[in-house]
Each structure stands twice: as structure tokens, then as C-alpha cells.
Amino acid sequence: MKQLSFKRFTIYFDQYLFISITLLSVMGLFFLYSASQGDVNVVIKQAVFVGFGLCLMFALSQPDPDIYKILSLVFLIISLLLVVITILFAKEINGAKRWLDLGVFTLQPSELVKIALPLYLASYLFEKPIPIDLKNTFKSIAIIATCFLLIAKQPDLGTSLVVSMAGIYILFFAGLSWKFIGSSFLIFIISLPFLWNNFLQPFQQQRIQTLLDPGADPYGSGWNITQSKIAIGSGGISGKGYTDGSQSHLDFLPETETDFIFAVIAEEFGFIGICVLLSIYFFILLRCLYLAFNARDRFCRLTIGGLSLIFASTLFINLAMVTGLIPVVGMPLPLISKGGSSLLSFYIAFGIIISMASHKKLMQR
Amino acid sequence: MIDIEDRFIEKRIFKSRLILIYLFFGFLFSLLVYRTYSLQVYSFSSYELASIENKTKTVLVQPTRGIIYDRNGNILINNVPSYDLIIQPSQITDIQAYLDRLGSIISISNRDREYVYEQFPIKSSYNRELTVKRGLSNEEIARFEVRNYLFPEAIIDERYSRESQYPDLFSHVLGYVGGIQNDRLENVLSSQNKRLGETAFKYANGYLVGKTGIESIYDNELRGTFGEKVYEVDARGKFLKQIDLIDPIKGKDLVTSLDLNAQKIAYEAMKGRRGAVVVVEIESGSIITYLSSPSFSINEISNGISNSNFQKLVDDKNKPFFDRASQGRYSPASTIKPAIGLYGLENKIIDWDFKIQDPGYFILPEDQRVYRGWKDGGHGEINLESAIIESSNTFFFSLAYESEIDDLIQHLASFGFGKNVCLDCFNPDKGLLPSPEWKMNNLNFGWFKGDSVNMGVGQGYLSATPIQLAFYGAFLSNKGSLEKLSILDIYSNKELLELPSNNISEEDWNRLHDSMIGVIESPKGTAKRLKNLKPYTIAAKSGTVELVSLDSKEDYELVRQDINKRDHAIMVAFGPMPNPKYAVSVVIENAESGGSVAGPVAVKVLNSLIDK
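These protein sequence lines are chains A and B, in that order. In terms of our numbering, the first sequence is residues 252 to 616. In terms of our numbering, the second sequence is residues 18 to 629.
Hint data in this document are derived by calculation from the structure and do not stem from the laboratory. A portion of the hints provided could be inaccurate.
What the hints assert, rightly or not - Computed cross-link-like contacts, DSS-like style, restricted to lysine-lysine with a CA-CA straight-line distance of at most 27 Å:
| # | chain 1 | residue 1 | chain 2 | residue 2 |
| --- | --- | --- | --- | --- |
| 1 | A | Lys320 | B | Lys28 |
| 2 | B | Lys392 | B | Lys545 |
| 3 | B | Lys32 | A | Lys379 |
| 4 | B | Lys281 | B | Lys269 |
| 5 | B | Lys258 | B | Lys72 |
| 6 | B | Lys281 | B | Lys548 |
| 7 | A | Lys320 | A | Lys390 |
| 8 | B | Lys598 | B | Lys436 |
| 9 | B | Lys392 | B | Lys447 |
| 10 | A | Lys386 | B | Lys281 |
| 11 | B | Lys211 | A | Lys430 |
| 12 | B | Lys32 | A | Lys611 |
| 13 | B | Lys598 | B | Lys548 |
| 14 | B | Lys372 | B | Lys496 |
| 15 | B | Lys211 | B | Lys258 |
| 16 | B | Lys72 | B | Lys281 |
| 17 | B | Lys582 | B | Lys545 |
| 18 | B | Lys281 | B | Lys392 |
| 19 | B | Lys74 | B | Lys140 |
| 20 | B | Lys392 | A | Lys386 |
| 21 | A | Lys379 | B | Lys28 |
| 22 | A | Lys296 | A | Lys342 |
| 23 | B | Lys32 | A | Lys430 |
| 24 | B | Lys496 | B | Lys551 |
| 25 | B | Lys32 | A | Lys320 |
| 26 | B | Lys140 | B | Lys258 |
| 27 | B | Lys72 | A | Lys390 |
| 28 | B | Lys447 | B | Lys496 |
| 29 | B | Lys28 | A | Lys611 |
| 30 | B | Lys598 | B | Lys551 |
| 31 | B | Lys211 | A | Lys390 |
| 32 | B | Lys267 | B | Lys365 |
| 33 | B | Lys72 | B | Lys255 |
To be verified - Label pairs and their calculated CB-CB ranges:
| # | chain 1 | residue 1 | chain 2 | residue 2 | range |
| --- | --- | --- | --- | --- | --- |
| 34 | B | Arg24 | A | Phe534 | 24 to 32 Å |
| 35 | A | Gln288 | B | Pro169 | 42 to 50 Å |
| 36 | B | Ile36 | A | Pro444 | 30 to 38 Å |
| 37 | A | Val527 | B | Phe44 | 31 to 39 Å |
| 38 | A | Tyr493 | B | Ile92 | 30 to 38 Å |
| 39 | B | Glu245 | A | Thr494 | 54 to 62 Å |
| 40 | A | Ile318 | B | Lys255 | 54 to 62 Å |
From the three backbone atoms N, C-alpha and C, an ideal C-beta is built for every residue, glycine too.
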């Protein structure tokens with residue numbers, strides 16, 4: 252982290268995060284070219300997003316964290332309003348209303364909630380006693396539940412779960428009692444059958460069943476995961492070579508540009524390529540851990556911890572899905588998968604993280 | 018102070034919990050890395066295989082079947098390429114409407130329609146292709162190809178039909194081909210290290226396999242080896258490009274010992290009558306002529322015949338499918354007499370000077386039963402020679418009466434009776450050489466002396482196929498030894514049948530041959546009518562198979578009102594004498610006289626061979 256002081260103003264940024272994120276983004280463009288069967292238009296569009304995203308990240312690193320603290324409530328309310336607008340007015344695509352058409356760009360407001368919620372909770376808990384008491388716990392949970400239900404209504408179970416996780420990470424850092432965690436977990440386990448029967452759509456139930464036995468219907472529901480595993484496995488140690496992956500280039504692999512891009516990378520660059528890729532991710536995460544430890548106040552700590560864990564969770568869910576460890580849920584590979592909102596949301600998140608890590612206060616609270 | 022302590026506690030909680038959760042994620046990610054490792058490194062080979070299987074599709078290329086030739090290089094069965102309109106019935110629901118649509122582009126005859134309607138449910142259930150129309154013209158092909166997107170369930174493809182220029186001549190000996198059951202196809206393919214799964218609809222379903230005759234016996238040789246085309250395919254199964262090609266290996270051509278011309282003569286001489294003609298080349302034991310009559314068109318059966326036409330053939334009372342040459346059982350009747358005579362010589366019951374008085378009948382001493390000859394009043398004083406020439410029953414009744422039945426059976430077995438004498442005939446029957454054990458087991462009666470007496474003139478339980486009779490003729494001409502017969506001259510060590518004749522001399526054989534020449538050449542011979550039909554001499558023995566046992570000529574006149582109860586005519590002959598090259602057997606059902614009806618057929622066929 253650096254504060255480059257010039258005559259009239261100071262630039263705040265973190266070279267480690269900045270370089271590694273830029274590296275990942277550029278590698279992503281490179282992978283996307285292969286995954287899109289050499290579609291230059293797709294790559295150019297993504298490059299524009301990446302460029303814009305990097306600028307946005309840089310811009311968002313500049314304000315003082317206190318500004319985020321002040322604006323966090325407004326940010327959350329606007330995000331939720333956008334979700335409501337989406338539910339009310341957006342066009343239905345594949346049975347879900349998730350996207351707002353802004354002309355140049357379709358926005359997925361739930362991606363914003365993913366950042367706004369932990370930010371707000373961190374600022375809410377800033378003044379509250381720590382460890383968090385029961386009253387504030389329930390208040391926070393009520394906020395989380397509101398976000399969860401709104402997004403689940405779109406419906407978008409994947410994102411709503413990540414959003415709730417984001418909130419829960421903050422509560423956890425705020426010292427949520429182990430008793431509370433244990434009993435909630437117990438209640439969750441007990442109510443699993445109830446949730447299965449009442450909350451999960453048939454297609455979601457099927458995805459879980461498919462995970463347990465992908466061979467049962469290899470050409471139907473098991474197709475994606477079967478082909479993904481073949482793509483990854485057949486990459487071997489050193490891969491089949493850039494743009495030479497037969498699984499991705501002969502259409503066996505689904506969603507190569509988005510959710511399953513990891514399988515394309517694994518097929519073409521093998522285990523060695525995957526290790527390199529994962530090292531960059533791990534470096535980013537460890538850098539976030541370091542920054543969180545050295546953050547200037549509680550608000551910054553909680554926010555950096557929460558946002559970096561959203562990044563980690565998204566990464567884990569995507570990888571676990573593509574390698575067939577968990578059911579298929581729509582979850583992109585952060586900073587690499589094609590897609591506007593989720594990509595931008597991570598640049599926003601890292602912009603905020605850098606801002607919080609690089610602004611120091613002389614008088615610590 | 019409280020404030021600072023608070024902050025301290027808060028920071029401690031935060032740090033420990035953040036580390037805890039990072040450790041948790043660390044654990045999750047190491048799981049992921051392990052998972053990726055196990056997919057990419059540990060199970061690499063199986064996934065690599067799966068990815069290759071994914072992107073390649075092997076389709077088998079069908080080999081063309083071998084051609085079948087006669088001994089002179091005439092093509093008997095060939096493959097005729099034609100472009101056929103083929104549909105995939107399992108993909109079509111309303112065949113009538115479908116044919117109407119197809120019919121607007123390529124005219125489909127009512128006969129073809131009928132065939133398609135009939136075969137549709139069958140082919141559909143087996144997921145087989147169905148040929149709608151054969152031999153399309155270039156114009157028809159062009160008309161279809163520009164519209165083929167309208168008919169994804171139909172293709173035009175090159176098919177080889179199995180065709181003979183002489184479809185009715187060799188029906189039984191060469192046999193026909195037909196479609197193949199999945200499990201058999203699987204066997205065929207696995208013997209060539211191929212899998213059924215690799216057969217695309219387009220290629221394998223037109224595969225033909227021998228069903229009868231030489232087509233079936235030598236199917237392994239004729240079928241050839243499948244080739245392979247390996248394509249790169251995408252996930253939709255679309256063929257992108259051909260990666261590899263292994264050419265199919267054409268089936269082996271077979272040169273048979275059959276003679277087209279002789280077969281033709283035999284076919285014409287039989288005039289569609291029920292019966293069989295078999296000619297054997299004595300020196301090699303090869304079968305030259307093999308005709309079962311009436312016959313059927315192998316072209317029709319091989320290339321798709323409608324059920325109703327097929328049923329007509331099955332129901333035909335003349336049974337054209339029945340292979341009379343190697344499956345028809347006929348009593349050898351008087352043609353057995355030379356063998357019985359040899360038995361008498363071998364066991365010194367008679368010699369050439371031995372004479373008896375033939376009153377026209379034989380009375381069995383045990384029960385006074387009368388066994389009649391064919392000539393009222395008998396043949397007078399006769400010896401072995403005249404008994405053969407004039408076909409005296411009484412002589413052979415009394416000779417058989419003197420025989421030891423077990424010895425006699427063993428003796429007849431050396432002539433091939435009761436045995437399969439053909440190495441590559443399709444489902445040959447062994448005929449029946451009865452024995453006391455056989456009679457007890459099958460008829461629950463002991464052996465009577467009368468059974469032996471009947472056997473002396475080739476009647477009763479003894480029966481043989483025309484193939485066996487031809488073998489018998491060749492065996493006699495070759496003086497008591499002969500290798501088993503075959504249609505393909507590919508056997509290096511053919512099994513030899515031999516008469517253990519310690520007491521039969523060369524002189525005996527010559528005299529026997531002379532007697533058989535006398536059957537035609539002597540004025541008293543039973544086949545003397547044949548004398549002037551040929552420019553050389555042949556040895557022969559005629560036979561007339563009584564289907565109903567009767568006591569008088571008058572009774573027979575009544576019986577013969579029913580054509581199916583009339584006697585069968587048999588002729589066994591070989592020639593030209595004195596150095597015979599060919600032996601022939603002719604059986605004509607219900608033709609009554611061996612000498613005058615079966616005889617001319619035998620002579621015509623021999624003429625066609627010996628003239629050359």
C-alpha cells in the first residue's frame with residue numbers, strides 16, 4: 252500500500268493487489284479468446300469491461316473509508332431498490348428477472364447487494380459493542396434476510412446465498428457467539444428436509460441428485476458435469492495446448508465463456524496451468540488477509556474481511572462446481588469469466604478494499 | 018480505558034476468527050487442488066480416453082462379398098452396385114404419409130409400397146434400415162439430393178445387391194444371403210475386433226450374410242473384413258472431418274467345382290419336376306452338378322422379397338425350398354443291387370457262376386411271405402451279371418436272405434450310406450442305414466429276416482440322399498474307394514471311404530462294371546432305351562422306388578391314380594467306360610421308371626460333360 256504524495260493531492264493504491272488483479276484480468280482475456288472459439292468481439296467487449304473495471308477500482312481506492320461508512324446505507328438502499336425495480340419491471344430471461352437493461356450494459360443489481368450489504372453491516376456494527384449482542388445480531392439477521400428474500404424472489408438462489416454469506420461473515424467477525432452459531436447450524440440441519448421440499452425448485456433438486464450420481468443420466472442432467480470432468484481430466488499435467496482443447500472446441504463443454512471457463516483452462520493448460528492460476532488467486536487472498544490485519548479501524552477490518560471472503564467463496568463455489576464437488580449453480584470464475592456485473596462488482600470490491608487499506612489515520616479510534 | 022480494552026478484545030476476536038475462516042478456506046482449497054490433481058494426473062488416462070471417444074466416431078465400412086465362380090471361371094454370383102433409397106423406420110411414425118411425401122419426388126411403385134408397409138413394423142422394431150427403392154436413376158438421385166433436408170430419415174446410398182445371372186440354377190447349392198441379427202452381427206464384428214456400437218445406421222444395416230448353401234458354409238471367407246472411417250465429431254454428433262481410414266478388405270472369391278453348362282442342362286432336363294441331379298468328378302471327388310428341383314430365385318430372396326411372395330414359395334406343394342439333393346431321403350431301390358452283389362462276392366456266398374432260378378418272386382422260409390419281382394413270371398435262370406442287367410429281385414432277395422445283417426450293414430456303410438459324404442454341403446442329411454438296434458429303438462420291433470430281404474433290393478427302411486447315391490456311383494466306378502465329396506477344392510486331406518474287400522479282385526470289379534454297362538447296352542437291360550442317346554458307353558443301374566407295398570400290378574394301377582403315390586425314378590450311372598470320369602445320380606419323384614425317365618436326364622448331363 253502506498254500513498255504517493257504529489258504537490259496537491261495523494262494517490263492511494265496497493266501495487267500487489269493492483270498487479271495481480273490486472274494480471275488475472277489479462278489472462279482472463281487470453282483464456283476467453285479460446286473459450287469463445289476465437290470470437291474477437293467477445294474478447295473486445297470483455298476488454299472494455301476489464302479496462303473500465305480497473306479504472307473504477309482505481310477511482311474507488313481514492314475516497315477515504317469514512318465516506319463509504321457514511322454512504323453505506325444509501326448504497327444498500329439504492330441497490331435493494333434496483334433489485335425491486337428489476338423484480339417489478341425487468342424482462343424475464345429464462346424464467347428469472349435478474350437484469351436491468353441500461354442500454355449499453357445490462358446490470359444485475361443483486362451483484363451490487365453483494366458488496367453493499369457487508370459494507371453496511373460493517374458500518375452498522377462500527378459503533379456497537381463487540382462481541383455483538385443478541386439484539387444487534389437479530390437486527391443484522393433481519394437485514395440479511397431482507398436482502399436474501401428479495402434476491403431469492405428474482406429468483407436467483409445462488410446470488411442470494413452468496414449475499415447472505417457476505418452478511419454472515421461480518422457477523423462472524425463481529426464475534427457472533429459460538430452458541431448462537433451452533434444452535435443455528437443445528438436448526439438448519441433439522442430443517443433441511445423441509446427446505447428441500449418447500450424451497451428448492453425441481454431443477455435444483457435434480458442438480459443435487461445429479462451431483463451424487465452423475466452417471467445416472469450422462470446425456471441429460473449429468474451432461475455438464477460429466478463433460479467438465481472429462482475436459483479437466485484429459486488436460487493432464489501440461490494440457491492440450493492453447494485453443495487445442497477438443498472438449499471446449501467441439502462443444503462438448505457447456506458455458507465455456509462463463510461458468511465453465513475453468514474447465515477450458517484446465518484442458519488446455521493442464522495441472523501446471525491450474526497451479527499457476529490458483530497461486531495468483533491465493534496471493535490475492537493472502538494479501539487481503541494481511542491488509543485486514545493491518546486495517547486502521549473496525550469498519551475497515553470487517554469490510555476487507557467480508558469482501559475478500561466473498562471473493563474466496565465465489566472462487567471456491569465455481570471451482571467446486573466445475574470439478575463436480577458441488578451441484579451446478581450459476582457462479583462465475585472471479586475476474587476471468589465473461590460477464591459484466593459480477594466482474595465489475597469485484598473491481599468495486601477491490602477498489603474499496605484498497606481504499607481501506609491504504610488510508611491511514613493518525614488518530615486511531 | 019474501557020474503550021481501548023474493547024478495541025483490543027474486538028481486534029483479537031477479529032484476528033482469530035479471520036484466521037480460522039482462512040484456515041477453513043485453506044482446507045477447502047486444498048481439497049480442490051487435490052481434486053484437480055486426481056482428475057488431471059491420477060485419472061488422466063481414463064479421461065483422455067473419454068475425450069478421444071467423445072470427439073471421434075468410427076463408422077464401419079462394409080467389405081464387398083466375394084464372388085462365386087464355377088470351375089470354368091463363369092461368375093455364378095456377383096455383387097451388383099446400385100443406388101438405393103433407404104429410410105430409417107424407427108424415426109418415422111406415419112409411413113403412409115411419409116411415402117406419399119417421398120413419392121412426390123421419386124416415384125414409388127405399388128409393389129415397392131406394399132413391401133415397405135409390410136416390412137416397416139419389423140424393421141422399425143429392430144432399428145434396421147429399409148430399402149424403399151432400388152437402382153435409382155441419376156435424375157432421381159439429383160431430385161432427391163436437392164431436397165434431402167426435407168427427409169432427414171431417408172438417404173440414398175450405394176448398396177450391393179447379391180445377384181446371380183442364373184438365379185434359379187444354383188438355388189440350393191449356392192444358397193442365398195439375407196440381413197443379419199444383431200447378436201450374430203456382433204459375433205462377426207467381434208471376430209474382427211470391431212464393435213457393434215461403431216456401426217452407423219448408414220453402413221452396417223445393409224450388411225448381408227450367407228443364409229444357406231455355399232453362401233453360408235463359406236460365409237467367413239466370403240464376407241471380407243470391415244474397414245473403418247474415423248471422423249472427428251462435435252457434441253451434436255456432426256461429422257467435422259475424416260481423421261482416419263482403414264480400407265475394408267474384400268471377401269475372398271470362391272471358385273467352385275460346379276459346371277455352369279452341366280447345371281443348365283440338368284435344370285432344363287428336369288423341367289421343374291420334383292427331384293435332384295448330382296454329378297461327381299470321380300478323380301477329385303468334386304461335385305460338378307448339384308441341382309434340386311423345383312428351385313426358386315435366389316436373387317429375390319437375397320434382396321428382399323415380400324412376405325406374400327415368400328409365403329407362396331413356402332406353401333408351394335412342390336416345396337421349392339427343400340434341398341432334395343442333400344436332404345431328400347429316397348430308397349435306393351434297385352440301384353443298391355451292385356453293392357449287394359459285392360457283398361455276396363466278398364463273403365463268398367456267390368460267385369459269378371452262381372445261378373438261381375427266378376420264378377418272379379421269393380418266399381421267405383420263416384413265414385411264407387411272398388416278395389415279388391417287377392417282372393411277372395420272373396427272369397428264369399440268372400447269375401449275378403444277368404440279375405444286375407435285368408434287375409432281378411429274386412436273386413438279391415435270396416442273397417440278402419443269406420446275409421449276416423450286421424456284416425451287410427457294415428458293408429453298406431463303406432459305400433457312404435448312413436454317413437455324411439459331403440464336406441461342404443449345407444445341412445446334409447445322412448439318410449438312413451437301418452440296423453437291428455435302430456429298429457428296436459425307433460419302431461419297437463426286432464429285426465426280421467424280411468427286413469434283410471427288403472434291404473437286398475434297396476427297399477424298406479434303407480434310404481439315401483441323391484448326394485449319397487452319386488457318391489455311391491463314383492465309389493463303384495472307382496472300384497471300392499473314394500474321398501468324400503466337396504464343392505470347393507480346398508481340402509488337402511479328404512477323408513477316404515474304402516471297401517475292405519479282401520475277396521474282391523480287379524476282375525470282379527471289371528465284371529461288375531460290365532454288368533452295369535449291360536444295363537444300357539444289353540438288349541435285356543432295364544435302361545436299354547438310353548443306348549442310342551450317347552456316343553460312348555456308360556455303366557448304370559436304374560431303380561424304381563415303390564412308395565406303397567403291393568402284391569400285384571393291378572393294385573398299382575389303382576394306386577397310381579394318385580400322382581403322389583407313384584413310384585420314384587432313380588438312376589445311378591458313371592462313364593465314359595472303360596475309364597469313367599463322372600458319376601451321376603438322378604432322382605425324379607413319382608416318375609415311375611428309373612431307366613426310362615431318370616435315365617435320359619442322367620445321360621443328357623453326362624453328354625454335356627463328356628462331349629468336351
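Right, here's what the structure says about each hint:
1. Lys320(A) / Lys28(B): Holds: Lys320(A) and Lys28(B) sit about 19 Å apart, inside 27 Å.
2. Lys392(B) / Lys545(B): holds, 16 Å
3. Lys32(B) / Lys379(A): Since the Cα atoms of Lys32(B) and Lys379(A) sit roughly 18 Å apart, the hinted pair holds (cutoff 27 Å).
4. Lys281(B) / Lys269(B): Since the Cα atoms of Lys281(B) and Lys269(B) sit roughly 25 Å apart, the hinted pair holds (cutoff 27 Å).
5. Lys258(B) / Lys72(B): holds, 11 Å
6. Lys281(B) / Lys548(B): Distance of about 23 Å is within 27 Å: holds.
7. Lys320(A) / Lys390(A): Holds. Lys320(A) to Lys390(A) sits at ~18 Å (cutoff 27 Å).
8. Lys598(B) / Lys436(B): Status holds; Cα separation ~23 Å.
9. Lys392(B) / Lys447(B): Violated. Lys392(B) to Lys447(B) sits at ~32 Å, over the 27 Å cutoff.
10. Lys386(A) / Lys281(B): Answer violated: Lys386(A) to Lys281(B) is near 110 Å, above 27 Å.
11. Lys211(B) / Lys430(A): Distance of about 65 Å is beyond 27 Å: violated.
12. Lys32(B) / Lys611(A): holds, 19 Å
13. Lys598(B) / Lys548(B): Judged against 27 Å, a Cα distance of about 19 Å means the pair holds.
14. Lys372(B) / Lys496(B): Measuring from Cα to Cα gives roughly 24 Å; hence the hint holds.
15. Lys211(B) / Lys258(B): This hinted pair holds, its Cα atoms lying about 21 Å apart.
16. Lys72(B) / Lys281(B): At roughly 55 Å apart (the allowed maximum being 27 Å), Lys281(B) and Lys72(B) break the hint.
17. Lys582(B) / Lys545(B): holds, 26 Å
18. Lys281(B) / Lys392(B): The given pair, whose Cα atoms are some 36 Å apart, is violated under the 27 Å limit.
19. Lys74(B) / Lys140(B): holds, 24 Å
20. Lys392(B) / Lys386(A): violated, 132 Å
21. Lys379(A) / Lys28(B): Holds - the C-alpha atoms of Lys28(B) and Lys379(A) are around 14 Å apart, at most 27 Å.
22. Lys296(A) / Lys342(A): Since the Cα atoms of Lys296(A) and Lys342(A) sit roughly 23 Å apart, the hinted pair holds (cutoff 27 Å).
23. Lys32(B) / Lys430(A): Holds: Lys32(B) and Lys430(A) sit about 19 Å apart, inside 27 Å.
24. Lys496(B) / Lys551(B): holds, 24 Å
25. Lys32(B) / Lys320(A): It holds: about 21 Å lies between the C-alpha atoms, which stays within 27 Å.
26. Lys140(B) / Lys258(B): violated, 30 Å
27. Lys72(B) / Lys390(A): violated, 56 Å
28. Lys447(B) / Lys496(B): holds, 22 Å
29. Lys28(B) / Lys611(A): holds, 17 Å
30. Lys598(B) / Lys551(B): Holds. Lys598(B) to Lys551(B) sits at ~15 Å (cutoff 27 Å).
31. Lys211(B) / Lys390(A): violated, 69 Å
32. Lys267(B) / Lys365(B): violated, 59 Å
33. Lys72(B) / Lys255(B): Holds: Lys72(B) and Lys255(B) sit about 10 Å apart, inside 27 Å.
34. Arg24(B) / Phe534(A): 24 to 32 Å: holds, 30 Å
35. Gln288(A) / Pro169(B): 42 to 50 Å: Cβ of Gln288(A) to Cβ of Pro169(B): about 26 Å, so the range 42 to 50 Å is violated.
36. Ile36(B) / Pro444(A): 30 to 38 Å: 35 Å Cβ-Cβ, so the 30 to 38 Å window holds.
37. Val527(A) / Phe44(B): 31 to 39 Å: Violated, at about 22 Å.
38. Tyr493(A) / Ile92(B): 30 to 38 Å: violated, 58 Å
39. Glu245(B) / Thr494(A): 54 to 62 Å: violated, 28 Å
40. Ile318(A) / Lys255(B): 54 to 62 Å: Holds, at about 56 Å.
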